[in-house]
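Trainee: Sequence:
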Amino acid sequence: MKVLGVIPARYRSSRYPGKPLVELNGKAMVIHVAEKAALALGAENVIIATDDQRIADVVEKAGFQYLLTSDDHPTGTDRLWEVARKREADIYINIQGDEPMVDPKDIRRICSVKKEFTGYVINGMCALADSEDPASVNIPKVLVNSGNDLIYMSRLPIPGIKAPGAVRPVYLKQVCIYAFNYDQLRAFGERGGKAEFEAFEDIEILRFLDLKIPVKMVYTAGNTLAVDVPEDVSKVEEALRLG
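The UniProt record's numbering numbers the first residue of the sequence shown as 1 and each following residue consecutively.
Keep in mind that the hints were calculated from the coordinates and are not lab data. For glycine and all other residues, C-beta sits at the position ideal for the given N, C-alpha and C.
Label pairs and their in silico Cβ distance ranges:
| no. | residue 1 | residue 2 | range |
| --- | --- | --- | --- |
| 1 | P134 | F200 | 15 to 21 angstroms |
| 2 | A221 | P159 | 23 to 29 angstroms |
| 3 | S13 | D57 | 14 to 20 angstroms |
| 4 | R54 | P164 | 47 to 53 angstroms |
| 5 | G193 | R12 | 16 to 22 angstroms |
| 6 | A62 | P169 | 39 to 45 angstroms |
| 7 | V233 | L156 | 25 to 31 angstroms |
| 8 | I161 | R54 | 42 to 48 angstroms |
| 9 | G147 | L211 | 16 to 22 angstroms |
Listed below are the simulated EDC-like cross-link pairs for lysine to aspartate or glutamate, each with C-alpha atoms no more than 20 angstroms apart in a straight line:
| no. | residue 1 | residue 2 |
| --- | --- | --- |
| 10 | K2 | E88 |
| 11 | K115 | D149 |
| 12 | K235 | D133 |
| 13 | K216 | D90 |
| 14 | K194 | D72 |
| 15 | K27 | D232 |
| 16 | K235 | E23 |
| 17 | K61 | D51 |
Build the full structure now, drawing on both the sequences and the hints.
Mentor: Following this line, the structure appears as structure tokens:
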């Protein structure tokens with residue numbers, strides 16, 4: 001079964017332009033992610049999908065494959081759909097390019113669950129750390145049923161708390177590793193734009209719920225730190241140094 005790991009790397013991020021090339025301990029962030037993906041899937045099964053030649057040049061110099069894609073994709077998964085039309089695979093793993101601490105074991109786990117639940121899109125999740133604020137709009141929070149099927153995902157704290165002074169629930173957050181097959185990506189890409197609530201939340205996985213494609217959430221082995229804004233760089237560098 002052919003598995004292709006794809007790292008979308010957009011240069012023109014609204015919150016942090018040039019983010020894939022930001023140096024973390026002397027190495028571009030996109031290369032940190034590519035090396036982790038290669039440990040999970042093999043370098044020959046990893047490709048960086050980018051809209052910018054500057055990123056492509058860094059990727060090529062580091063010995064990884066790249067594919068230049070359109071610069072007008074609204075989401076990373078739309079970019080993945082372009083890759084799927086050009087690179088054949090049974091499973092496409094979307095590995096977020098701003099999570100340099102992604103665990104290769106988690107990538108393999110997402111892939112393994114996808115092979116078992118072929119009709120589902122697969123996505124990772126883990127509990128928020130005590131230091132993380134559930135109200136942060138930079139952290140998509142996850143609500144699942146007893147079978148870990150996705151009910152909803154929001155930038156608001158979910159579940160909500162009505163009673164004042166109630167015990168804080170165990171908040172879950174999205175870990176941005178996804179697994180799709182070709183038909184799921186085609187449905188996503190050919191929908192003709194974002195779903196209404198996807199657009200409000202700016203969470204692309206919600207488009208699959210609008211398309212009635214179920215999403216299975218999978219607990220990952222460890223918490224991750226993403227680089228969303230420049231202020232995140234120093235804490236991620238420190239975490240990388242600590243290993």
